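S.K.: These are the residues of each chain, in order.
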Amino acid sequence: MIPEIGHFALIIGFSLSLILATVPAWGAWRRNSRAMALAPGLAVGMLVFVSISFICLCVAFLQDDFSVKVVASNSNSLLPPIYKFSAVWGNHEGSLLLWGLILSFWTAAVALFSSQLPLLMLSRVLSVMGGIAVGFLSFMLLTSNPFARLLPGTPADGNDLNPLLQDPGLIIHPPLLYMGYVGFSVAFAFAIAALLGGRLDASWARWSRPWTNVAWAFLTLGIMLGSWWAYYELGWGGWWFWDPVENASFMPWLAGTALIHSLAATEKRGLFKSWTVLLAIFAFSLSLLGTFLVRSGVLTSVHAFATDPARGLFILIFLAFVVGGSLTLYALRAPAVSSRVSFEWVSRESLILCNNVVFLVATLTVLFGTLFPLIMDALGAGKYSVGPPYFNAVFVPLMALLVPFMGLGPVSRWKRDSTRRWQSELAIPTVVALLCGLTLPLLNAQYNVWVALAVALSAWLLLGLLRDLWYRVRGAASVAAGLRRITPSYWGMFVAHLGFAACVTGVVATSQYNIEHDLKMSPGDTEVIAGYEFHFVELVPARGPNFVADEARFEVTRDGEMVAQLAPQKRRYLASGQVMTEAAIDDGLFRDLFVAMGEPIGQDGAWAMRLHYKPMVRWMWLGAIMMALGAFTTVLDKRYRRVRSAVSAPAGEALHGA
Amino acid sequence: MAPRLKLFLPLLIFVVMSIFLFRGLSLDPQALPSALIDQPLPEFSLPVLGQERLIQRQDIVGEAALLNVWATWCVSCRVEHPYLVQIGARGIPIYGINYKDEDAAAQRWLTDLGDPYRANIVDREGTLGLDLGVYGAPETYLVDANGVIRYRHVGVVDERVWQTILQPLYQQLIVEGVPEGVDG
Numbered sequence: 001m002i003p004e005i006g007h008f009a010l011i012i013g014f015s016l017s018l019i020l021a022t023v024p025a026w027g028a029w030r031r032n033s034r035a036m037a038l039a040p041g042l043a044v045g046m047l048v049f050v051s052i053s054f055i056c057l058c059v060a061f062l063q064d065d066f067s068v069k070v071v072a073s074n075s076n077s078l079l080p081p082i083y084k085f086s087a088v089w090g091n092h093e094g095s096l097l098l099w100g101l102i103l104s105f106w107t108a109a110v111a112l113f114s115s116q117l118p119l120l121m122l123s124r125v126l127s128v129m130g131g132i133a134v135g136f137l138s139f140m141l142l143t144s145n146p147f148a149r150l151l152p153g154t155p156a157d158g159n160d161l162n163p164l165l166q167d168p169g170l171i172i173h174p175p176l177l178y179m180g181y182v183g184f185s186v187a188f189a190f191a192i193a194a195l196l197g198g199r200l201d202a203s204w205a206r207w208s209r210p211w212t213n214v215a216w217a218f219l220t221l222g223i224m225l226g227s228w229w230a231y232y233e234l235g236w237g238g239w240w241f242w243d244p245v246e247n248a249s250f251m252p253w254l255a256g257t258a259l260i261h262s263l264a265a266t267e268k269r270g271l272f273k274s275w276t277v278l279l280a281i282f283a284f285s286l287s288l289l290g291t292f293l294v295r296s297g298v299l300t301s302v303h304a305f306a307t308d309p310a311r312g313l314f315i316l317i318f319l320a321f322v323v324g325g326s327l328t329l330y331a332l333r334a335p336a337v338s339s340r341v342s343f344e345w346v347s348r349e350s351l352i353l354c355n356n357v358v359f360l361v362a363t364l365t366v367l368f369g370t371l372f373p374l375i376m377d378a379l380g381a382g383k384y385s386v387g388p389p390y391f392n393a394v395f396v397p398l399m400a401l402l403v404p405f406m407g408l409g410p411v412s413r414w415k416r417d418s419t420r421r422w423q424s425e426l427a428i429p430t431v432v433a434l435l436c437g438l439t440l441p442l443l444n445a446q447y448n449v450w451v452a453l454a455v456a457l458s459a460w461l462l463l464g465l466l467r468d469l470w471y472r473v474r475g476a477a478s479v480a481a482g483l484r485r486i487t488p489s490y491w492g493m494f495v496a497h498l499g500f501a502a503c504v505t506g507v508v509a510t511s512q513y514n515i516e517h518d519l520k521m522s523p524g525d526t527e528v529i530a531g532y533e534f535h536f537v538e539l540v541p542a543r544g545p546n547f548v549a550d551e552a553r554f555e556v557t558r559d560g561e562m563v564a565q566l567a568p569q570k571r572r573y574l575a576s577g578q579v580m581t582e583a584a585i586d587d588g589l590f591r592d593l594f595v596a597m598g599e600p601i602g603q604d605g606a607w608a609m610r611l612h613y614k615p616m617v618r619w620m621w622l623g624a625i626m627m628a629l630g631a632f633t634t635v636l637d638k639r640y641r642r643v644r645s646a647v648s649a650p651a652g653e654a655l656h657g658a
Numbered sequence: 001m002a003p004r005l006k007l008f009l010p011l012l013i014f015v016v017m018s019i020f021l022f023r024g025l026s027l028d029p030q031a032l033p034s035a036l037i038d039q040p041l042p043e044f045s046l047p048v049l050g051q052e053r054l055i056q057r058q059d060i061v062g063e064a065a066l067l068n069v070w071a072t073w074c075v076s077c078r079v080e081h082p083y084l085v086q087i088g089a090r091g092i093p094i095y096g097i098n099y100k101d102e103d104a105a106a107q108r109w110l111t112d113l114g115d116p117y118r119a120n121i122v123d124r125e126g127t128l129g130l131d132l133g134v135y136g137a138p139e140t141y142l143v144d145a146n147g148v149i150r151y152r153h154v155g156v157v158d159e160r161v162w163q164t165i166l167q168p169l170y171q172q173l174i175v176e177g178v179p180e181g182v183d184g
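Residue numbers (the working numbering), protein chains in the order written: chain C, 1 to 658; chain W, 1 to 184.
Okay, chain C solo, but in the shape it has when bound:
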């Protein structure tokens, strides 16, 4: 019964999205305010019914209703309840429903938090989002019904969730990622609404900026969690693989990063208008493209869901409609003449332009690398695979190119600056940064040029930011008063840029200084890595709710003092018989110690062991968290609330004028 209620609620949600996509849009066209006023109610209604549907699927999973096909294929009665819950989105159908739920959530959020937005704009924005919902909900109802039953022929027990996915990180990774992906639909909808209205002024940038920052923050967290999960769950200490599906989440992030900076220029200076609109379309289009790649089976990947050409065709048609339609609209409506606002080469605008160019090139690089096998195949030029060497070779120099501009950005002034001022502002930071780069890597046993470069660039970023902060504070009566005067959006930028510096340092340090020993160890053996003594104490059997395991007990000491006790496991899951490596990690701000079990060797309890010493690997994820926190902080800015009400008046005139 419950699955049928869920199915029915989904159909109602779909019907509401259909009305939302058409009636308010018609109202906006005919200037019918009654039709336009329906939009917020419809958006909230859609959220209610899609939520009911989602809750019904959760109940089916939690109650072990194996007559529902996705439950039977992805859950098991022995599965711990929390993983039964996360199994809801550990499959194609359920994750689509989650996507739909999050899209409804964003739509309703726009409806509820935009009371100051002119009705004309709001109804267009919500209609565009309703249109996207029509696409996804009909996709679900037509090709991927999560409530399909196995009647008759209900299995006694389920197939279990893939053990790789039975992990705390994977409980929240997909929801966060989808919050980001789908969140870009808001920026997209605002861009389309602005194009439809024919007025691309600074106000649409101001409205869509907070939404875009929040979406970007979620996407950052989602990608970070995915990388962290790969690090400890795949059992071999890697954290980024340039897998097509990883790339699918990374491309919207790169385009989104360009977008949030370009939006700043559009809001503050009325610049890059058509460009920003194009980036907003790009960011969301790449999210959709990611969905296509993951679910259509055109590329192979570890993340790929069960694929089906019919589904692929549906998404491709949807993609053609959404992206093709919006790009056509863009071509017809975007202002063709460059804006009258001018800026000089030495200015913050041109630095933002540098940021945009670097991120766009990076996006296209990743896009090209991801699609290259497909293109060559379609041209009949043979079958190819593109691996990490290509991506690293292009990506690392691009990011190295970015940081010098990043250091200048916050210090620089809009419109017109002078290189002489930059010199005087940044002379000390430059010298100190170079000194840091030269000396700090000496703390490690071996000196490394790449680490030196990364440290120097990060220090340059940090010191430039501090210099700018001091410059802002020094005019005030006291330091505290000066700090209080600084806006949340400045703090957001500050923290996010610091996060980026931390991320760069972490990536380079851990790549260069990582030490990895693979060896045969018996209980009683000791191995020394980077001054840490790893004692293999004993091997014991262990048992979990749905697996049995061999557990190796390790004690790690340094100079005779206990540092950590580590217990990696080799698990065998009962329902599927799959064997999984569960690494044990002692984390620290400056180093991670990582032990994973390989295979048993011989009969005497010896095992192949993998021991890692990974310096500063946490900095990467901490940096990502800082970037996300920074982006969240910007939204707290009072300016948005104040400015929103201030601009609603002229935008209201647009309603009559257009």
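Possibly wrong hints are sitting among the right ones.
[What the hints assert, rightly or not] Derived coverage of chain C by chain W (criterion: at least 3 residues anywhere in the stretch with Cβ under 8 Å from a Cβ of chain W; other residues may be distant):
1. 310-320
2. 597-608
[Stated by the list, open to error] Label-pair restraints from in silico Cβ distances:
3. W:Gln167 x C:Ile12: 44 to 50 Å
4. W:Gln167 x C:Phe113: 55 to 61 Å
5. W:Asp38 x C:Phe321: 37 to 43 Å
6. W:Arg118 x C:Thr526: 45 to 51 Å
7. W:Ile19 x C:Gly41: 57 to 63 Å
8. W:Glu102 x C:Lys415: 33 to 39 Å
9. C:Asn32 x W:Leu9: 33 to 39 Å
10. C:Leu379 x W:Glu52: 37 to 43 Å
11. W:Glu52 x C:Val449: 31 to 37 Å
12. C:Phe8 x W:Pro42: 52 to 58 Å
Rather than coming from a laboratory, the hints here were simulated on the basis of the structure. Bear in mind that the values here come from a model prediction, so they are computed numbers and not experimental data. We treat Cβ as the ideally placed atom computed from N, Cα and C, and that holds for glycine.
Dock chain W against chain C, hints included.
M.R.: Relative to chain C, chain W alone:
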């Protein structure tokens, strides 16, 4: 170019991309290019992983066998590997093609995770992969006793793939039996 026309550029690029994506839908990356179905395994002479000898085509022809393309940089291979160890333990002959990989990393992988392979062909430059039309790791080829490629599976070989696709085909090849003495 007129300013308005320039704005159509993104649309144009997208249309071209969509055509490729559409082609991609009908091209199954899991399917063998028709040119290689029932064709003899290409000739090669490459080093054996961890040994100081070369391996040639004739060294692996003679009985039905699986040819598994893998690499340590390939995440899916990691997922697939335990199952290969299982079917390898049942006596199914599996040869590995260690594709565009580092020898040391590959050997560590095998000591860590178990070695289901009769031998591993080191295809560092991807030349054999190119001849085979390897799309990406992992891929698994079913080669009959005469050295003819009979089936290709792209992606992870797991219990389902083995039981529903590969094992029936493999059994059939066993029944077909001994080499005919004709090469290819």
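S.K.: Work down the list of hints and note, for each, if the structure agrees.
M.R.: These are the hints, each one checked on the structure:
For a cut-off of 8 Å, the count of residues in the segment 310-320 of chain C with a CB near a CB of chain W stands at 5, and the three-residue condition holds. Counting residues of the segment 597-608 of chain C whose beta-carbon sits less than 8 Å from any beta-carbon of chain W gives 4, enough to reach three: the coverage restraint holds. Judged by the Cβ atoms, the range 44 to 50 Å given for Gln167 of chain W and Ile12 of chain C holds: they are separated by roughly 46 Å. Taking the beta carbon of each, Gln167 of chain W and Phe113 of chain C are about 57 Å apart, inside 55 to 61 Å as hinted.
In this structure the hint that Asp38 of chain W and Phe321 of chain C lie 37 to 43 Å apart at CB holds, the actual value being about 41 Å. At roughly 36 Å, the beta carbons of Arg118 of chain W and Thr526 of chain C sit outside the given window of 45 to 51 Å. At about 41 Å, the CB distance of Ile19 of chain W to Gly41 of chain C disagrees with the hint of 57 to 63 Å. Taking 33 to 39 Å as the suggested C-beta distance range, the pair Glu102 of chain W and Lys415 of chain C does not conform, at roughly 52 Å.
Our hint of 33 to 39 Å for Asn32 of chain C and Leu9 of chain W holds, since their Cβ atoms are close to 36 Å apart. Range check, Leu379 of chain C to Glu52 of chain W: about 40 Å between beta-carbon atoms, so the 37 to 43 Å window is met. Judged by the Cβ atoms, the range 31 to 37 Å given for Glu52 of chain W and Val449 of chain C holds: they are separated by roughly 35 Å. The hinted range of 52 to 58 Å is satisfied by Phe8 of chain C and Pro42 of chain W, whose Cβ atoms lie roughly 57 Å apart.
Consistency with the previously given hints fails for numbers 6, 7, 8, ordered from lowest to highest.
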